[in-house]
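Visitor: For the record, the sequence lines run as chains E and Z.
Take the first sequence: its letters are residues 20 to 371, numbered as in this note's numbering.
Take the second sequence: its letters are residues 53 to 702, numbered as in this note's numbering.
Rather than coming from a laboratory, the hints here were simulated on the basis of the structure.
Glycine included, each C-beta is placed from N, C-alpha and C at the ideal position.
Only true hints are included.
List of simulated lysine-lysine pairs, BS3-like, C-alpha gap at most 25 Å:
#1 LYS657/Z - LYS297/E
#2 LYS341/E - LYS674/Z
#3 LYS678/Z - LYS297/E
Some chain E residues judged to face chain Z by a derived CB distance under 10 Å, without partners named:
#4 SER226
#5 ASN238
#6 ARG309
#7 CYS361
#8 GLU363
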Amino acid sequence: MQSFISALHQEIDLYKNHSSETFTTIFLGGGTPSLLPAYEIKRILDHLEDTFRISRNAEVTIETNPGTVDAAKLQGYRDAGVNRLSIGVQSFHQDELEFLGRIHTADQARQCVRDARAAGFDNVSIDLIFSLPGQSQARWSETLESAIALEPQHISAYSLIVEDNTPLARMVRANLVSPNPLEAEADLYAYTMERMRRAGFEQYEVSNYALPGFRSQHNYNYWCHANYLGFGPSAHSFWKEGNEPGRRWWNVANLTNYIARLEKQTVPVASSELLEQKQMMAEKIFLGLRSDGVELERLERDFSTQFPRRQRELITYLVEQKNAILESNGRLRLTPKGYLVCDEICARLLPA
Amino acid sequence: MIRSYSITSFHGSFSFLKLTPQSRIFSHDFQRLCKSVPREIGRTFVLYSDFMKYIRNFCIIAHIDHGKSTIADCLLQQTGAITAREMKYKQVLDDMDLEQERGITIKLHAVQMHYKAKDGNEYTLNLIDTPGHVDFSYEVSRSLAACEGAILVVDASQGVEAQTISNLYFAIDAGLEIIPVINKIDLPSAMIDTVKHQIKDLIGCTDEEMILASAKANLGIDEILEAVVKRVSPPKGDPEAPLQAVIFDSVFDIYRGSIVYMRVFNGTLKEGEKVRFLHNGKDFEAEEVGILELKRKRTDQLSAGDVGYLIAGVKDVHDTKVGDTVTTVKNPAPKPWPGYKEVKPMVFSGVFPTNADDFEDLRTAIDKLRLNDSSLVYEPETSTALGFGFRCGYLGLLHMEIVQERLEREYNQSIINTVPNVEYRVTKVNGEVVLVDNPSFMPTLGEIEKVEEPFIKAQIIVPTEYVGNIMKLCMDRRGIYKNTTYLDPTRADLHYEMPLSEIIFDFYDKLKSTSRGYASFDYEILDFRESDLVKLDILLNAEPVDAFSTIVHRDKAHEWGKRLCSKLRKLIPRQMFEVAIQAAIGSKVVSRETISAMRKNVLAKCYGGDISRKRKLLEKQKEGKKRMKQVGSVEIPQEAFLAVLSMDDE
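Kindly produce the complete structure, drawing on both the sequences and the hints.
Guide: Here you go:
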């Protein structure tokens with residue numbers, strides 16, 4: 020653990036003179052950063068403040084897993100400068116938590132949210148997963164209602180993804196579990212979007228819901244091609260300056276390699292890509308459609324191109340069929356009906 | 053005995069010397085030489101009229117797989133025209149890749165052999181290969197017409213088949229001497245006596261006239277060669293008359309142009325002479341003439357009785373039509389050799405590039421293909437579903453498949469082929485008669501007085517136990533029963549008249565499957581007959597998809613529409629919107645299916661580390677969509693256009 024932390028600090032140092040740009044958000048996430056004691060978090064945040072220009076009221080989030088934090092630790096995070104908590108609750112059912120390989124209980128999850136509030140966090144997000152194999156709407160609704168009852172400012176609700184090379188994927192392949200049929204998944208997703216709307220949350224992305232004023236600034240930056248630097252194994256960074264093509268790079272995934280590289284004072288970058296105009300435009304389109312919508316005319320202007328006839332017809336049709344709405348400023352935004360088939364729409368609207 | 057004439061003195065004494073084609077001479081020239089040209093002493097000549105006695109032009113008639121090519125190969129080896137080493141391909145006469153794969157002959161070729169017969173004379177044998185498929189029956193008739201004899205090969209274990217009979221009748225009509233050969237007699241399943249009976253019933257020959265052979269075991273090959281020499285008559289014709297040479301094939305060479313394969317019936321053609329193709333009156337200069345051994349062999353001249361080739365700088369194969377007569381400009385024949393006809397396409401389909409951007413590539417490819425396929429006709433076509441493409445006309449279904457495969461393999465084109473159809477003759481209410489080879493151009497119901505379609509005379513030979521199945525199949529296909537004869541107690545020969553449109557669509561496969569592969573089938577075009585035909589349209593979300601339109605009999609329209617709709621429902625993937633599939637005649641919907649909308653297609657997470665991967669995933673999906681065709685808002689996968697071709701699968 021200690022060698023990872025020093026490697027992380029070394030990596031931050033490598034970017035010392037990278038930019039004079041002001042950063043508006045910090046996100047400590049991926050894996051379980053809440054395993055770190057508050058003073059380590061403070062050291063990292065201080066190091067970042069020393070190295071980069073960071074705005075005074077920056078959004079500083081840490082991902083925490085119930086069972087790894089107590090009231091004191093959360094208080095420590097708050098004191099270190101963290102002002103937003105994202106709590107990986109996932110479910111309020113014990114069997115589901117076990118299925119997901121989580122170490123915490125439903126009670127610990129509730130306690131975690133209460134502790135966060137006691138520690139003074141007024142921007143708390145709860146992460147949930149739905150469409151577990153065989154999950155009924157009733158069962159999912161119990162989890163969702165429990166989450167809403169805790170009055171968080173933000174909820175992320177993800178439909179279960181069976182990622183390759185995971186224990187779940189192996190179980191699916193061995194026929195030990197069968198993923199929910201798409202129909203059921205669609206029903207649960209549609210139900211979620213509707214329920215969140217009634218609870219007063221704005222859906223501002225496929226899986227993200229926030230009370231007004233509490234959208235995640237950090238995520239929003241990802242989705243509008245803002246510059247970001249990522250530190251740690253597998254971390255991705257994106258940087259674009261002026262008219263240069265945007266560059267994206269990512270670190271080696273293996274922790275040992277990561278540490279070894281930094282011990283030798285070399286960048287732990289695994290690979291990178293330069294984004295051509297067409298790729299930038301593609302990303303703008305699907306990131307936009309997944310979140311806040313796409314300003315069609317502005318996009319055409321920025322990339323000096325035009326959507327071909329087929330795509331224009333599709334856009335009209337999408338609006339007619341209420342998969343999307345076209346706002347008065349020319350922004351095409353998906354409706355819940357559109358979010359359900361978001362990838363299909365994106366693939367059809369990508370530049371040829 | 054061979055007589056060649058050698059001038060050894062002014063008085064003209066004769067000696068017997070080896071004959072070469074180059075040393076042939078007209079009798080009047082010979083006499084003139086004998087009298088007046090002392091410097092010709094020592095040269096040998098053969099009179100044309102004598103030389104012709106030692107030529108035999110013949111072909112082989114056989115059903116697919118009955119061993120035509122292996123017999124041909126044996127003859128070539130036996131006469132030394134080919135060595136075992138040269139037998140690079142199993143069947144040298146079929147030199148197109150496609151032919152080799154399918155084991156069928158598409159293009160005709162000829163090959164010359166020299167055979168020293170038991171009578172002590174050396175004979176020139178021209179074997180003219182014939183295509184083995186009904187699509188090419190006109191070419192078959194032309195190559196048969198170039199012969200004086202035919203070897204009828206029948207498989208000892210299979211017996212006589214429909215194809216054999218129809219080609220045999222062509223041969224008998226052309227006055228050819230038939231030499232029956234029963235092949236594969238060494239197979240355990242050989243039924244020699246049964247097959248002998250079948251052949252006797254067919255051509256009324258004696259037992260002695262039939263040759264028992266096995267090309268595999270090299271049995272009976274000598275007998276065949278002897279029979280060709282003894283029983284096939286030598287060519288007739290006058291080498292000094294005006295030239296009449298009939299084209300039985302042509303191939304295209306990018307350097308030399310169209311290379312014409314022909315049989316000379318009268319006259320003599322020398323290199324350098326001006327030649328004329330009688331069907332269009334175009335003149336060319338004979339750059340090179342020669343005979344066809346395994347390769348072309350230049351001989352400077354060809355004369356009556358010869359089979360050979362002509363290269364005349366013809367840049368378009370359409371100038372060198374099969375069946376046309378070649379003559380000389382200087383001394384033209386007053387009329388063509390009888391039998392020429394324009395081959396008309398019988399089957400039509402649309403050919404479109406898979407990717408609309410590739411239209412110009414497809415045009416180039418099809419233009420090139422046309423250069424060595426004089427039967428292919430095409431014109432540009434525009435489809436709302438498939439974009440720009442070509443409406444192609446083919447001799448038949450096999451020809452269509454060959455064209456498609458050649459476009460794909462030889463010219464690397466990725467194409468979509470629409471449902472094939474025949475040509476309809478539509479009489480409109482206003483009396484106007486139009487030919488419709490594309491369902492899209494069918495006049496509307498109200499404009500139509502009557503519709504006529506081509507009918508065929510079908511012959512099906514099948515073991516008696518499957519007669520019931522075959523009769524049911526033919527009835528399903530609107531066949532009109534004519535009569536049944538029996539080749540022997542176990543094999544029936546059924547005759548039907550039926551619409552061509554009913555057989556261009558998987559009839560052959562059905563025939564084979566309902567008879568365990570035993571039925572054989574052949575047909576010829578009869579005439580146009582009035583039928584109650586309607587145009588059936590397929591609509592996707594109320595938009596007609598022209599590429600799915602078909603013309604069907606009214607009684608079958610409902611069933612057809614129902615099956616097409618249900619097939620399409622399975623083939624068209626769910627879309628973002630509900631898709632209504634309708635089959636309609638005019639404005640009347642006869643069948644309907646619905647593809648419910650896609651419920652969910654969205655990945656839950658996309659943060660900083662997921663963006664590249666997500667973009668690549670979507671780009672891949674987008675690439676996949678490029679291969680889809682779009683009608684209105686509906687995306688149709690290519691398989692849907694292809695699978696309509698196999699409607700009877702269920």
